[in-house]
Structures are given as structure tokens and as C-alpha cells.
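Start from chain A and add chain B according to the hints.
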Amino acid sequence: DQQVKQNSPSLSVQEGRISILNCDYTNSMFDYFLWYKKYPAEGPTFLISISSIKDKNEDGRFTVFLNKSAKHLSLHIVPSQPGDSAVYFCAASENYKLSFGAGTTVTVRA
Amino acid sequence: EPEVTQTPSHQVTQMGQEVILRCVPISNHLYFYWYRQILGQKVEFLVSFYNNEISEKSEIFDDQFSVERPDGSNFTLKIRSTKLEDSAMYFCASSGEGRYGYTFGSGTRLTVV
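So the sequence lines, in the order shown, correspond to chains A and B.
The letter at position 95 of the first sequence is residue 95 when you use our numbering, and the numbering goes up by one with no holes.
The letter at position 113 of the second sequence is residue 1113 when you use our numbering, and the numbering goes up by one with no holes.
Calculated from the structure, these hints are not laboratory results.
Keep in mind the model is a prediction, meaning the values are calculated, not measured.
Any given hint might turn out to be false.
[To be verified] Below, simulated BS3-like cross-link-like pairs (lysine-lysine); rule was C-alpha separation at most 25 Å, straight line:
#1 K1057(B) / K5(A)
#2 K1057(B) / K97(A)
#3 K56(A) / K97(A)
#4 K97(A) / K68(A)
#5 K97(A) / K38(A)
#6 K1078(B) / K97(A)
#7 K38(A) / K5(A)
#8 K71(A) / K5(A)
#9 K56(A) / K71(A)
This is chain A alone, in the form it adopts within the complex (with noise of 0.2 Å):
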């Protein structure tokens, strides 16, 4: 399944800069997009999502856009903190069923 794609499998970024995670999709018929974490040992833990009628959503930290004309989407984190080190799973959902992607793994250094 291939609907969904994270191109970078890590990310490594300093701590108090800005972390930018990218995401493609290939199928119009997703609605919604959802953006989780994942620590080893846990299930995936939902961050922020946005509809496909909208374009940016902030929450906190936290931004996500979307393009739907180009199918990308992304994950903005500023600034980026140590207890951010994890896995980040970029979903989306289509009749509420959801594909996610491969993940990136982002380290923040000190």
C-alpha cells in the first residue's frame, strides 16, 4: 500500500529549531489527515490533524498544511524539543478508514 508516503525515514534536528516533516499521498479520495507519534513500546499517540477543506491548522507547537493540488502535507514542530525524539506517522483517512505512512524518526539534539 503505497497511498501514503514519508520520503524521510529521520530527521535529525537541534533542540529549539524548527522540525519540518513531509508527506505525500497519492489517493483524492482521503478527507482527512492525521499526524501521530509513537514511542517504542506504545501505540501511536495523535498529535494534530486537518480536513481536506482547509489548508493550515495550528495547535500549540504544533502546525500542519496541506496542498491538496500537489498531495503533500506537513508537519512543522517549533521549537523542537528533547521529549520530541520519537516516530512520527503522517495517516490518512478515507471513509474513516486510515493508511499511514512509514514514519520518520526525528532525534532533537541538545
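Relative to chain A, chain B alone:
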């Protein structure tokens, strides 16, 4: 904060044996899901369940798999005759009226030997 509880956290079983993975969704949630993640691969949708029946299932969810809500609180995934390739983390999730608000459990690591 309400959470989805999964038991056991780790299950080892012999190939060909039946396993039941258990989940207690958030109490006022209406929609229930199973996902799995094979080591090194993506999280994959298996099945969704609403109003005591399967609402959607993936091609992975073949006749070996079944789900049940035996009482008002538990949601189970049964694998009838396990295969080596069933080894994975299995995540249960639930959501309420705002259906995009999935809450995932911590997962059950199933190892088939």
C-alpha cells in the same frame, strides 16, 4: 485521560495455534478497529467494527481472523490458526462520534514460532 487497554502486552504462540488478543476500548466510544505493524513495515488497517458488526475489512483480514465484542466492554481479535507471518504488533483503537479522534492502545506483540 481515558485510554484503550490491550492484553497481553506480549504473546508467544506456536504456529497453527489459535490466539485471542483482547482490548478494552474507551467506554463511550462506538467505533472499534484493529491495526497491525509487522516489524520494519507500515501500520496497516485490518478491520473496523460498529454496531456489533464489521463495517470494513482489508484484504489481510481473511477467514483466519475474526472479531467479537462479547460483552459491553471487551473487543477481541481472534486468529484461528497462526502463521509465522502473523508475527506483528497488533494495535486496537476506538473512536467516538468525532470519528477521526482515534485512540490507540499500546499494542500486543504477537510472536509466532
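Hint check results:
1. Straight-line distance between C-alpha atoms of K1057(B) and K5(A) comes to about 22 Å, which keeps the hinted pair within the 25 Å bound.
2. Straight-line distance between C-alpha atoms of K1057(B) and K97(A) comes to about 9 Å, which keeps the hinted pair within the 25 Å bound.
3. For the hint pairing K56(A) with K97(A), the CA-to-CA distance comes to about 22 Å; that is within 25 Å, so the pair holds.
4. Among the hinted pairs, K97(A) with K68(A) is consistent with the structure: their alpha-carbon atoms are about 19 Å apart, no more than 25 Å.
5. Our distance criterion of 25 Å between C-alpha atoms is met by K97(A) and K38(A), whose separation comes to about 19 Å.
6. At most 25 Å may separate the alpha-carbon atoms for a hinted pair to count; K1078(B) and K97(A) meet this at roughly 20 Å.
7. Distance hint between K38(A) and K5(A) is fulfilled; the C-alpha atoms sit about 17 Å from each other, no more than 25 Å.
8. Taken as a hint, the K71(A) and K5(A) pair is honoured in the structure, with Cα atoms around 11 Å apart against an allowance of 25 Å.
9. In summary, the hint linking K56(A) to K71(A) is supported, as the alpha carbons are separated by about 14 Å, within the 25 Å threshold.
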